[in-house]
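Number of protein chains: 2
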Amino acid sequence: MEKALQGVRVLDLTRVLAGPYASMILGDLGADVIKIEHPDGGDDSRGYGPFVNGESVYFISLNRNKKSLSLNLKSPEGKEIFLKLVKKADVVMENFRPGTMEKLGLGYGELEKINPRLIYAASSGFGHTGPYSQKAAYDLIIQAMGGIMSLTGEPDGPPTRTGASIADITSGLFTVIGIMAALHKRKETGRGQKVDVAMLDCQLAILENAIARLAVTGESPKPTGNRHPSITPFAVFRAADGYLVVAAGNDQLWQKWCRVVGREDLVEDPRFKTNADRTEHWDELEPIMSEVIGKQRVDDWLNLFEEAGIPSGPINDVAKAVEHPQVLARDMVVYQDHPVAGRIMMPGIPVKLSKTPGSIETPAPLLGEHNRVILRELGYTETEIERLKEKGVI
Amino acid sequence: MEKALQGVRVLDLTRVLAGPYASMILGDLGADVIKIEHPDGGDDSRGYGPFVNGESVYFISLNRNKKSLSLNLKSPEGKEIFLKLVKKADVVMENFRPGTMEKLGLGYGELEKINPRLIYAASSGFGHTGPYSQKAAYDLIIQAMGGIMSLTGEPDGPPTRTGASIADITSGLFTVIGIMAALHKRKETGRGQKVDVAMLDCQLAILENAIARLAVTGESPKPTGNRHPSITPFAVFRAADGYLVVAAGNDQLWQKWCRVVGREDLVEDPRFKTNADRTEHWDELEPIMSEVIGKQRVDDWLNLFEEAGIPSGPINDVAKAVEHPQVLARDMVVYQDHPVAGRIMMPGIPVKLSKTPGSIETPAPLLGEHNRVILRELGYTETEIERLKEKGVI
Chain B
14 MEKALQGVRV
24 LDLTRVLAGP
34 YASMILGDLG
44 ADVIKIEHPD
54 GGDDSRGYGP
64 FVNGESVYFI
74 SLNRNKKSLS
84 LNLKSPEGKE
94 IFLKLVKKAD
104 VVMENFRPGT
114 MEKLGLGYGE
124 LEKINPRLIY
134 AASSGFGHTG
144 PYSQKAAYDL
154 IIQAMGGIMS
164 LTGEPDGPPT
174 RTGASIADIT
184 SGLFTVIGIM
194 AALHKRKETG
204 RGQKVDVAML
214 DCQLAILENA
224 IARLAVTGES
234 PKPTGNRHPS
244 ITPFAVFRAA
254 DGYLVVAAGN
264 DQLWQKWCRV
274 VGREDLVEDP
284 RFKTNADRTE
294 HWDELEPIMS
304 EVIGKQRVDD
314 WLNLFEEAGI
324 PSGPINDVAK
334 AVEHPQVLAR
344 DMVVYQDHPV
354 AGRIMMPGIP
364 VKLSKTPGSI
374 ETPAPLLGEH
384 NRVILRELGY
394 TETEIERLKE
404 KGVI
Chain W
14 MEKALQGVRV
24 LDLTRVLAGP
34 YASMILGDLG
44 ADVIKIEHPD
54 GGDDSRGYGP
64 FVNGESVYFI
74 SLNRNKKSLS
84 LNLKSPEGKE
94 IFLKLVKKAD
104 VVMENFRPGT
114 MEKLGLGYGE
124 LEKINPRLIY
134 AASSGFGHTG
144 PYSQKAAYDL
154 IIQAMGGIMS
164 LTGEPDGPPT
174 RTGASIADIT
184 SGLFTVIGIM
194 AALHKRKETG
204 RGQKVDVAML
214 DCQLAILENA
224 IARLAVTGES
234 PKPTGNRHPS
244 ITPFAVFRAA
254 DGYLVVAAGN
264 DQLWQKWCRV
274 VGREDLVEDP
284 RFKTNADRTE
294 HWDELEPIMS
304 EVIGKQRVDD
314 WLNLFEEAGI
324 PSGPINDVAK
334 AVEHPQVLAR
344 DMVVYQDHPV
354 AGRIMMPGIP
364 VKLSKTPGSI
374 ETPAPLLGEH
384 NRVILRELGY
394 TETEIERLKE
404 KGVI
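Protein sequences, first through last, are from chains B and W.
To get the numbering used here, take the position in the first sequence, counting from 1, and add 13.
To get the numbering used here, take the position in the second sequence, counting from 1, and add 13.
No lab work stands behind these hints, which were simulated from the structure alone.
Please read these numbers as outputs of a predicted model, since none were measured by experiment.
Mixed in with the good hints, there may be bad ones.
Identical copies carry no separate label here, and so any pair may be met within one copy or between two of them.
[As the list claims (entries may be wrong)] No farther apart than 20 Å at their CA atoms in a straight line, the calculated lysine to any residue pairs in the SDA-like style are these: (1) 235 x 358; (2) 16 x 203; (3) 200 x 233; (4) 269 x 149; (5) 87 x 349; (6) 235 x 19; (7) 235 x 171; (8) 200 x 379; (9) 308 x 231; (10) 101 x 392; (11) 148 x 336; (12) 200 x 19; (13) 97 x 62; (14) 101 x 389; (15) 126 x 200.
Between the sequences and the hints, there should be enough to build the whole structure, so can you do that?
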């Protein structure tokens, strides 16, 4: 059976991370994504390291399953080509600073006139409305403004950035949801609409119970560090050769833990008898548990805990995570051959559909790799294509 | 115009966070979400603090726009009611441990026979396939195993958990994408399918360039802390009354920064002349910048930086984030009246659709609040409903 989004044509003007991440998900699920890049260097992230044979692996890992059309949207011919594509497209995506497309005469208002079925998805730092809409944003700034950094890190330590660009990525995910919702509605109404997703909005949306806690207590939640605030022990510990997590969420599991590690004496210790006791006396419990766990290796402990049925896990670095048997069994690490960079490792597709699974077919395109095929489809002749190239339109 | 997902009926068996977060997004966009809960206490998160008038605000903030049907799926009558609902439903969602629905005789294989159009979405810690599929998972364990903790925190510090439950939340987002993709495909094929989303898979999917970096260098990326690894200054600083971020990504912005803070002498300092110089001498630059910034308040600096066009921002705690003018202008903080808990603050809807915007209509339901209306719709009489209640079926 064909893939879920087969037949959905996406014109993708996005660059760097949030937008390309969103269009990659659409492409993985079968959409026909045409990445439109400036002829002069293309997507900025083609210049981001690390590189292999001069090709950016950053770019390669975010742009599989897409075609590349190089196009100068500021030239009249470039604009004409774009508008011809818009007529037959289902989705236009962009993550320019708000107002950029309007300045080019290519805002949603204009494009809608040409193709009322078009879905126009804009991702930006602050969104297309509101007093901050014109400001530039970076992941670090949005993580800082949106509250999540104030919740991450040790209770008395400085605010901490999440080590993946979570502000970009969550806005990419919400953008996909918006596009899909608009596609769904379009089947009924025949009309497209504009999807406006702001990175900052998405940061608020992922704070979940932090906002509830603020609402009730009147105080901003503090960073929780690496432990559960009310379930004990539910925390990170350092073993002899690395870190691990123990999540013994009730009294039975706690007692099992004491026995497994050879500290039955702790079972009857009144400081640690109930979850409330353990939470109250965490300052005393933590060094005891740390000392015990520090004596053996991560794998030895995890085997013992697993046999005893105590929820636990290693803290994997990326190298260990990509070798985890469950990750491999779920095809979450894939290798793809790139014509210049060679074999490249990248994440698989986390949306597992039983009948129309996604797939990773073509590697990230070279800049303008599909110019000829796309322009021929629009009716341009070889001579015309050559001329467009000479003029720097493509 | 009706909302985007109006007419999509979702039977939502999910509990706590990942699943309810996903079904909340569907409900916000107009889906008819029936939350099916065990009559004995319902969703576990009804028991999670903080509470107002005995109602969990945690639960309230994740279950708006849903109806509640209390139903014991282990009783024959409960199962019969569920199957009647399945016949007319578009989507069933669950986040039980894999195999639970099969044990109840309600696995996708069974439900598909009753309703071939049904989309069955399962979110779980490790997914429905692979050697770990039967294991229980918690956000902390998945964050630990998936690699993101190894990237978060200070370069030489311990691995750090992201302060929101990012493993649950991203799996919720990918689950929504899977459901929407299956809905899209169903319009063409008339057939539903199973969507299987694992929290661990989603953690791999959000590592983005960390996997590329590993692939190229052969070494696991280290935690990057609060600064950009190759652009300087692009980091967190402590002002007199709190933290802020400065992202002066090129030489012009760096020179502007020096002038704005009254340290023109730094412009000509050979240690800091180019981005490469500044990155190389970060250990010397950081204390100089910190000393300067420490002397004034966050707002004073941000005003100066903004006038000079230097990208910057405050590190907001949650209380400040929910009061930010851009957040308010985008309706990202909303208040909803709950019949028992009163007026509750919660995040708004980050997917902004121009023609069929989402909306927040009904507050989180009381347990079984909609039993009568749903069962009447299925043809049950008042007497029968009363009997089901007495028997503990609902």
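Each hint, compared with the structure:
no.: 1; hint: 235 x 358; result: between (37 Å within a copy, 18 Å between copies)
no.: 2; hint: 16 x 203; result: between (22 Å within a copy, 14 Å between copies)
no.: 3; hint: 200 x 233; result: neither (44 Å within a copy, 45 Å between copies)
no.: 4; hint: 269 x 149; result: between (53 Å within a copy, 17 Å between copies)
no.: 5; hint: 87 x 349; result: neither (34 Å within a copy, 46 Å between copies)
no.: 6; hint: 235 x 19; result: neither (46 Å within a copy, 39 Å between copies)
no.: 7; hint: 235 x 171; result: both (11 Å within a copy, 19 Å between copies)
no.: 8; hint: 200 x 379; result: neither (34 Å within a copy, 35 Å between copies)
no.: 9; hint: 308 x 231; result: neither (43 Å within a copy, 29 Å between copies)
no.: 10; hint: 101 x 392; result: within (13 Å within a copy, 47 Å between copies)
no.: 11; hint: 148 x 336; result: between (41 Å within a copy, 18 Å between copies)
no.: 12; hint: 200 x 19; result: both (15 Å within a copy, 12 Å between copies)
no.: 13; hint: 97 x 62; result: neither (35 Å within a copy, 56 Å between copies)
no.: 14; hint: 101 x 389; result: within (15 Å within a copy, 47 Å between copies)
no.: 15; hint: 126 x 200; result: within (19 Å within a copy, 26 Å between copies)
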